[in-house]
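These protein sequence lines map, in sequence, to chains F and U.
Going by this note's numbering, the first residue of the first sequence is number 1, and it counts up by one from there.
Going by this note's numbering, the first residue of the second sequence is number 1001, and it counts up by one from there.
Treat the hints with caution; some may be incorrect.
[Claimed, not checked] Residues from chain F shown here face chain U by an in silico Cβ test under 10 Å; the list is partial:
(1) 22
(2) 32
(3) 104
(4) 105
(5) 107
(6) 180
(7) 193
[What the hints assert, rightly or not] Some chain F residues judged to face chain U by a derived CB distance under 7 Å, without partners named:
(8) 161
(9) 162
(10) 186
(11) 189
Calculated from the structure, these hints are not laboratory results.
The model shown is predicted, which means the values in this text are computed figures rather than measured ones.
Virtual Cβ for every residue (Gly too), placed ideally from N, Cα, C.
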Amino acid sequence: MIALDPTAGPGEQRRRGPVRPGAILAVLGAAVLARSLVAGSAPWSPAAAWAAVGVLMAGGGWAARRWWAPAGAPLRAEHRLAPSLGPWRHRGRAWAWGGFGALGLVLGPVAHRWADPPGPHGGQVVAWGATVTAVVFAEETFLRGALWKAVTEAHGPQAALVVTTVAFALMHVPLYGWHVLPLDLAVGAWLGGLRMVSGSVLAPTLAHLVADWAAW
Amino acid sequence: MSSLRRQGVWALAASGLVLTLGWTSGAWRDAPAVYDGLPFNAEPYRYLNPPSGLEGNGAPSSVHMALRTATHAGGTAFALSTNESPPQSSLIASDGDFLPAGQTVMVGIRPVPAPPVTPAGRPDGNVYEVYVEGGSLRPGSTYTVALRGTGAPGIPQLEHLAAGRWQPLPTTHVPPAVYSAPAGALGDFLLVLPLHGPTPVGGPNAGVVAALVVGGLLLATGAFLWAIRRFRRPVEPLGVS
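Work out the full structure, taking the sequences as your base and the hints as a guide.
Now the structure itself:
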C-alpha cells in the first residue's frame, strides 16, 4: 500500500511509499552478480569480494531507503528498512531469542564437525572476523530487515518468511554449491522464525553472527 | 501469545526439526559447518612435482613433532599442519592414538612421490604420508586427515593407499577447498577427482556460474515484481491515503 504524505510536494508523493520487494530483490541479485564479477578478477581476494558484497548490500539498502523517502523528509516508522529495535524490554526478549537461536544453529555443527581442521588463525582472524561480521549485518539488514518488512507490508508475514528463506538459501549457492540448498533453507527458516517470534531483526542477527563466529 | 509469535514458534519448531534431522542423519556432512564461512586468499598450491608453468609456487612443506603418548586410549587432542596458507595437509589426533604408551614418538606429515599405484580418478595435488617414527598407531584408533585441493573443478575424495590400492574414505568437504576424513591407519593419502560424471559443483567456475544463475534469478524476480506493480497500479491521485 502506498502511503502518501499530504504535506509533501507533488514531486515527492510517489516516492513516499514503502520499499518494494522487487527493488530489494533486484539489489540483492545485483550484489550476488557483483560478487561473481569481483571475485573473478585478480588481485581481489575472495574475502575482499565478500566485503564488497556487504558494502554493496548495505549501500543498496540505504539507496533504496533514500529513493523511497527523499532527503529532508522524515522517515515514518512504517517506511524504515530495518524495523525499530523497540523498547528495552523488547530488546531483552530479542537478545534472549537470539541466544536461543545461536544455540540451535551451533549445536549441530559442533556435535558433528568438532574434529574438522581448525579455522582461521594468526593474522587471518581479524580480517575474517571483520568480514564475517560485515556480511552478517548486511545480510540480516537486507533480508530480515528490508525485504521482510517490504514483503510483510505487501503480502503478510508468512510470505515474508518464505521469500526471505528462499532468498537466503539462494544467495549462498554460489559460494557453497547447490548441495547446501536444503541446509540453508532450514537455516533461513530458523532465522526467519526468530525474526517472527521476537519481532526484531536483532534476534536473527545475533544468532547468525554467533553461528558464523563459531567456525573459529 | 499473539498469532504472529505463535507462527514464529511453529516456524522455529519446523526448521529446528529439519536441522536436527539433517545433522543427525549425516545428510549434511558435506555442508559447511557455518553459513558464511569465507574463503581466504589461498596461496597457490605447491606441487612436489609441479606441472609445467607452476614451478614457481614453491616446494610443499613437511611437519613433524615429538609427542609424548598417553598411557591409555583417548587422551589430549592435537593438530598438526603443514606451513602453507591454508595448510595443504593436516592431521588431528590425540596422544592416546599412538603406541608405545607413555613414550615419546615422532609424528609427522610429508609430501612423497606418487607411488606406482594409479588411483581410479585424477589425482588432485600431492600424495602425503602420515608417519610415526619410534611407534605406531594404536589398534582401533582413528584420527582425522585433511588435505587441501588444488582448486581444480570437481569435488575430490580422500583416498588411502592400503593393500596395494587406493581406497576411498568417507570425505567431508570443509569449504572452500579442504577435504577431511577419518583414518584408521598410517601411510599415504591423496585427493582424487572423479574421471567421469556430471560436472561437479564447488569448483571456481561452478561458483561463478551459480552466482550468475542466482543473481540473474533474483534480478529477474525483482524486475518482474516491479513491472507487474507498475502496470497494475498507476500513480494514485495526490492527497489520497
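Going through the hints against the structure:
1. 22: Where the cut-off is 10 Å and the nearest Cβ of chain U is about 3 Å from residue 22(F), the hint holds.
2. 32: This interface hint holds because 4 Å falls under the 10 Å limit.
3. 104: 6 Å, holds
4. 105: Check passed: Cβ of residue 105(F) comes within 8 Å of chain U, closer than 10 Å.
5. 107: 8 Å, holds
6. 180: 5 Å, holds
7. 193: With a closest approach of 3 Å, the residue 193(F) hint holds.
8. 161: 6 Å, holds
9. 162: Check failed: Cβ of residue 162(F) comes no nearer than 10 Å to chain U, outside 7 Å.
10. 186: Holds. Min distance 4 Å.
11. 189: Interface hint status for residue 189(F): holds (4 Å vs cutoff 7 Å).
Checked against the numbered hints above, the structure breaks only hint 9 and satisfies the rest.
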